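Undergrad: Read off the chains here:
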Amino acid sequence: MASHDERIESLMNRSLDRDLGEAEQLELDRTLIRSPEIRRAYEQMRRIDSLAAEALRAMVPEDHVTPVPNPEAGARRSQGGARKLWWLLPAAAAGLAVLLAMQLRGRVDRPGQEMAGTNDNAAPIHRLVEDPNRPLQPVRPGYRPHLTDRSLDHNWTGVEGNDGRIYWIETRRVRTLERPGDAGAVKLVSDDL
Amino acid sequence: MPMSLTADYDADIPVIEAIQQGDRDAFADFVRAHDRWVRGMVLGVLGDRDAVDDVAQQVWAAVWMRIGELRDTRRWRPWLYRLAHNAAIDAHRARVRRRWAVGQAPIAVRSEGAAPTPPQELSEAERRRAVTEAIQALPALYREPFVLRHLLDWSYREIAAAMDMPVDTVETRLVRARRMLRETLDGKV
Chain R
16 MASHDERIES
26 LMNRSLDRDL
36 GEAEQLELDR
46 TLIRSPEIRR
56 AYEQMRRIDS
66 LAAEALRAMV
76 PEDHVTPVPN
86 PEAGARRSQG
96 GARKLWWLLP
106 AAAAGLAVLL
116 AMQLRGRVDR
126 PGQEMAGTND
136 NAAPIHRLVE
146 DPNRPLQPVR
156 PGYRPHLTDR
166 SLDHNWTGVE
176 GNDGRIYWIE
186 TRRVRTLERP
196 GDAGAVKLVS
206 DDL
Chain E
15 MPMSLTADYD
25 ADIPVIEAIQ
35 QGDRDAFADF
45 VRAHDRWVRG
55 MVLGVLGDRD
65 AVDDVAQQVW
75 AAVWMRIGEL
85 RDTRRWRPWL
95 YRLAHNAAID
105 AHRARVRRRW
115 AVGQAPIAVR
125 SEGAAPTPPQ
135 ELSEAERRRA
145 VTEAIQALPA
155 LYREPFVLRH
165 LLDWSYREIA
175 AAMDMPVDTV
185 ETRLVRARRM
195 LRETLDGKV
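Those protein sequence lines, which keep their order, are chains R and E. Just so you know, we're using the numbering used here here: the first sequence kicks off at 16 and counts up by one. Just so you know, we're using the numbering used here here: the second sequence kicks off at 15 and counts up by one.
By construction, these hints were calculated from the structure, which means they are not laboratory data. None of the hints are false.
A few chain R residues that face chain E, going by a derived Cβ cut-off under 10 Å, partial list only:
1) D34
2) R62
3) E69
4) A70
5) R72
6) T81
7) P82
8) P84
Label pairs and their calculated CB-CB ranges:
9) D62/E / S50/R: 34 to 40 Å
10) R54/R / D37/E: 52 to 58 Å
11) R46/E / W183/R: 40 to 46 Å
12) A112/R / E147/E: 53 to 59 Å
13) E69/R / R193/E: 17 to 23 Å
14) M117/R / D68/E: 38 to 44 Å
15) A116/R / R46/E: 47 to 53 Å
16) E69/R / D68/E: 20 to 26 Å
17) V174/R / D62/E: 46 to 52 Å
18) E21/R / P153/E: 16 to 22 Å
19) A112/R / R143/E: 58 to 64 Å
20) E21/R / E147/E: 23 to 29 Å
Source: prediction; values computed, not measured. Just so it is clear, CB atoms sit at the ideal spot from N, CA and C, and this is done for glycine as well.
So that you can see chain R by itself, here it is in the shape it has in the complex (with noise of 0.2 Å):
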């Protein structure tokens, strides 16, 4: 349509989607009289939205309404906060038992490190005796240790999900302790797992 100006073109698409004032309705009214080619691609246009509507609601039909989901059926609603964390209970649990099996088996594999609770023939670990005048400092950098000591805990955790469930987490808390062989002090290299 490349006779009709830009604002032509807008005045019969508001025109369609009844958009118009009076004063702009009248003047596309006088632009339609004056101009057959005009009035001629404003008819199409019109068959065409008729016809489009018409498809349209072919397409979507009125009386059809998609079926309510159950919610029973359907995955929780979020509720936004900390509640969303206890769906990742089961799944962080799988996760650190996977990683502390994981850790265990390289430690393991190694010659002379057994450590209990991964295998019943281990030799039995270092336990460091506290001792309040070789209080914990730090080590420099390099140093190699002389001892080192780990000690394992294991303990399950039973926590209530809110579907009424009991998760339990099991966690395992590896402590060692290395000794430097110079000054006697130790540092603490790694607590929780």
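Knowing the structure of chain R, use the given hints to seat chain E on it.
TA: Coordinates of chain E only, in the frame set by chain R:
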């Protein structure tokens, strides 16, 4: 039924709040009241009705699950619109991926470059089919407001409010949609 941005618009706020409290009857009423425009806008994005039912079902399930995240209940309509729009976009992308995977042509390719069909007298059914195909071939950018206008009879303001865009943009897109339809359907209707 066209929506109103004044009284009717606010009338749904207590319903939204009831749904947030877990009122399933309120939710069922809400679905019935707004299902058509949600389906319409999904159709506007997808371009054909094949997946409209599935996507609409997903949208309402998502509304039930996520309505707690809607803080400003006065803005429930743009929130719902965005939810439905994103679900439709995701569905469209999934269909395109599936089609590419099986070596078919992607969906909703515009017929702009196709050889023009010679003008001929079409039957009413053929004419309707030609219009349907022309609507499907519109870019989603223009098809969406066009569907909301012609299926639901929404005003520019209502479309602008739902799509969260200026009224002028809505008008421009409708003008372009009509222009494309005229070019595609020239001599057919």
